[in-house]
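Chains as they are written, first to last, in the numbering used here: chain A, 566 to 880; chain B, 699 to 995.
Treat the hints with caution; some may be incorrect.
[To be verified] Every beta carbon over 12 Å from chain B, so not counted as near; a handful from chain A, in silico: (1) I584; (2) Y632; (3) W713; (4) Y794.
[Said to hold, decoys possible] In silico SDA-like links for lysine to any residue, alpha-carbon gap of 20 Å or less: (5) K690/A <-> Q836/B; (6) K626/A <-> R593/A; (7) K690/A <-> L773/A; (8) K626/A <-> L639/A; (9) K690/A <-> F729/B.
For the record, the hints were derived by calculation from the structure and aren't laboratory data. Please read all numbers here as calculations on a predicted model, not as lab measurements. Heads up, the beta-carbon is just placed ideally off N, CA and C, and yes, glycines get one too.
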Amino acid sequence: MGAYLVRRFGLMVLTLFGISVLIFVLLRLTPGNIADILFDAGGYVDPADKLKIEHDLGLDKSIPLQYIDWIGGLLHGDLGYSYQTEKPALEEILPRIPITARLAAIALTFSVLIGVPLGVISAVKQNTVLDYFLRVISLSGLSMPAFWLGLLILMGSVAYFGTIPIYSDQPTGFWNAILMYSVPAAAVGFRSSALMMRLTRSSMLEVLRQDYIRTARSKGASEGTINYYHALRNALLPVITVIGIEAAFLLGGLIVTETVFNIPGVARFLVEAIRWRDYPMVQNLVMFIAIVVVTINFAIDMLYAAVDPRIKYGA
Amino acid sequence: MSTLDFNAELAAAGANVRGRWGAVRFFIRRFPLGAIGGVIMAVFVLAAIFAPFLTVYDPLSTNAAASLARPSAAHWLGCDFMGRDVYSRIVYGARISLAVSVGSMLLGSSIGVTLGLLSGYLLGWFDLIVQRFLEMMQSLPLLVMAIIMAAALGPSLHNTIIAIAIPLVPYVARVIRANTLSLREQPFVEAAKAIGMSERRIALRHVLPNTLAPLIVLATAQLGSTILTESSLSFLGLGVPEPHPSWGRMLSESAAEYVRTAPWLVIFPGLAISFVVFGTNLLGDALRDLLDPRQRS
Chain A
566 MGAYLVRRFG LMVLTLFGIS VLIFVLLRLT PGNIADILFD AGGYVDPADK
616 LKIEHDLGLD KSIPLQYIDW IGGLLHGDLG YSYQTEKPAL EEILPRIPIT
666 ARLAAIALTF SVLIGVPLGV ISAVKQNTVL DYFLRVISLS GLSMPAFWLG
716 LLILMGSVAY FGTIPIYSDQ PTGFWNAILM YSVPAAAVGF RSSALMMRLT
766 RSSMLEVLRQ DYIRTARSKG ASEGTINYYH ALRNALLPVI TVIGIEAAFL
816 LGGLIVTETV FNIPGVARFL VEAIRWRDYP MVQNLVMFIA IVVVTINFAI
866 DMLYAAVDPR IKYGA
Chain B
699 MSTLDFNAEL AAAGANVRGR WGAVRFFIRR FPLGAIGGVI MAVFVLAAIF
749 APFLTVYDPL STNAAASLAR PSAAHWLGCD FMGRDVYSRI VYGARISLAV
799 SVGSMLLGSS IGVTLGLLSG YLLGWFDLIV QRFLEMMQSL PLLVMAIIMA
849 AALGPSLHNT IIAIAIPLVP YVARVIRANT LSLREQPFVE AAKAIGMSER
899 RIALRHVLPN TLAPLIVLAT AQLGSTILTE SSLSFLGLGV PEPHPSWGRM
949 LSESAAEYVR TAPWLVIFPG LAISFVVFGT NLLGDALRDL LDPRQRS
């Protein structure tokens with residue numbers, strides 16, 4: 566197990582290094598840079614001013630040197646500063662992380678609480694009207710863009726309540742705080758819940774075909790005991806993996822949801838930073854997302870081994 | 699060795715039919731939801747191809763007098779803030795979605811199949827390096843990768859296709875590699891080697907055709923994902939630029955300002971996206987059930 570952990574950690578570092586190089590090179594391919602934007606926005610006319618801006622921002626150095634500067638700073642906890650706001654990058658990113666984390670946590674909770682039970686029901690009632698109905702619902706969830714669902718929620722909110730849920734740093738009251746996060750979380754969590762439903766159903770059906778289920782049934786166990794005691798525990802194992810993967814990939818959905826609901830989270834900030842060619846912010850945000858994804862995947866692998874005694878890493 | 703033998707696959711799925719129309723009738727009976735998905739996809743493709751014949755208005759022409767016009771006999775789905783007919787823009791938008799989804803699937807699959815086949819067949823250091831690179835690419839959510847690629851390449855139809863194709867490569871490559879690993883151990887491959895066939899010929903003539911089934915299932919399943927990704931990119935302003943009538947861009951333009959005053963600008967483009975992706979998901983599920991032997995009871 567120790568050797569596996571060391572190997573796995575090494576792979577994680579290698580993956581993060583590769584992502585850092587990939588994102589760094591890709592951003593340098595972007596047509597134009599922050600100096601072009603600042604130059605045009607500042608009303609400058611002398612090209613020498615643009616060269617000065619590039620020198621001040623370190624953009625006149627060679628790309629390998631710029632990369633070394635960035636990675637060196639990252640390893641020392643210095644994330645540079647935002648070209649757009651001229652504030653330290655850490656000061657811009659840190660306050661936004663809890664906002665996105667809360668949204669992601671509520672969205673994931675929503676998807677698990679809705680998706681898993683409905684998947685179990687769909688599997689137990691296979692090929693009934695209820696099963697077909699739930700399968701259509703789950704496919705609809707996978708088909709609807711998260712940002713469109715968010716817009717529909719806004720429309721419904723305007724039509725029935727005369728207002729839209731507006732994000733606030735200081736929500737008035739507990740229920741306003743819950744509503745503020747729940748509505749966008751539901752918009753992004755609906756797709757995840759559809760995925761959970763489908764996977765839980767598929768996993769339950771796989772387990773219900775196993776010999777030990779047939780044995781339990783022949784011993785006279787009730788359908789409830791078979792479904793919820795024997796089958797569900799084993800069916801949840803692959804679902805745990807998907808929960809972890811979804812936790813990491815919710816960030817993709819949060820990008821558009823935070824944009825629709827105007828929530829100042831990390832995901833929306835990434836898009837704004839890209840539009841501004843704010844290299845330090847984009848690089849740091851992408852690395853943050855990569856670290857979160859890689860860490861969650863590792864944690865899920867360890868959890869999987871802990872839950873399923875058949876899995877032994879490094880054996 | 700046989701390539702993807704549809705008659706054999708249909709027989710294995712329980713069909714007892716002859717001819718192409720018999721196969722279609724079997725598919726409709728056995729997989730009614732898949733047939734519905736196929737019809738939806740057919741409507742989508744035909745709308746894209748015959749857009750000029752299905753619309754009266756130019757999707758790009760503006761008309762200040764018709765700004766924010768409600769749905770009516772003259773404008774079936776209303777007009778946007780520039781007086782452009784929404785129905786025409788949705789029908790022509792199908793061309794954009796079709797071009798981007800098919801283009802990115804073809805490009806991503808070509809690269810993915812090549813990498814997966816080589817990786818699974820050659821193994822060794824090449825496989826190790828390729829797999830680490832693909833894992834690295836898959837460490838980021840698909841939309842995040844697409845956003846970064848789109849930003850790096852710049853907004854255009856071609857760049858949007860590339861931006862969506864590249865993140866698809868790891869998904870295709872992994873499936874093809876897994877299939878190749880099992881196929882290379884098959885007796886027919888050993889027999890081909892025994893008679894002196896070159897490795898390249900074996901890989902292209904025998905191994906590659908037998909990876910078609912999972913590729914078809916994956917491609918159909920990912921088609922919906924590419925349409926969603928394109929609409930998300932366009933919604934964020936990073937995808938297909940003006941004047942192309944992209945569904946995602948239509949939603950972006952109407953997002954905050956017209957939710958209350960012109961809800962048709964939000965409802966219809968979103969319905970178009972959802973409808974088409976729903977169709978691809980239905981069809982993809984049916985094809986998976988048909989072609990995946992583990993799904994057959």
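Status of the hints after comparison with the structure:
1. I584: violated, 6 Å
2. Y632: Since the minimum Cβ distance to chain B is about 16 Å, Y632/A lies beyond 12 Å and the statement holds.
3. W713: violated, 4 Å
4. Y794: holds, 25 Å
5. K690/A <-> Q836/B: Measuring from Cα to Cα gives roughly 35 Å; hence the hint is violated.
6. K626/A <-> R593/A: Holds, at about 12 Å.
7. K690/A <-> L773/A: holds, 12 Å
8. K626/A <-> L639/A: Satisfied, since the Cα-Cα distance of roughly 18 Å is no more than 20 Å.
9. K690/A <-> F729/B: holds, 19 Å
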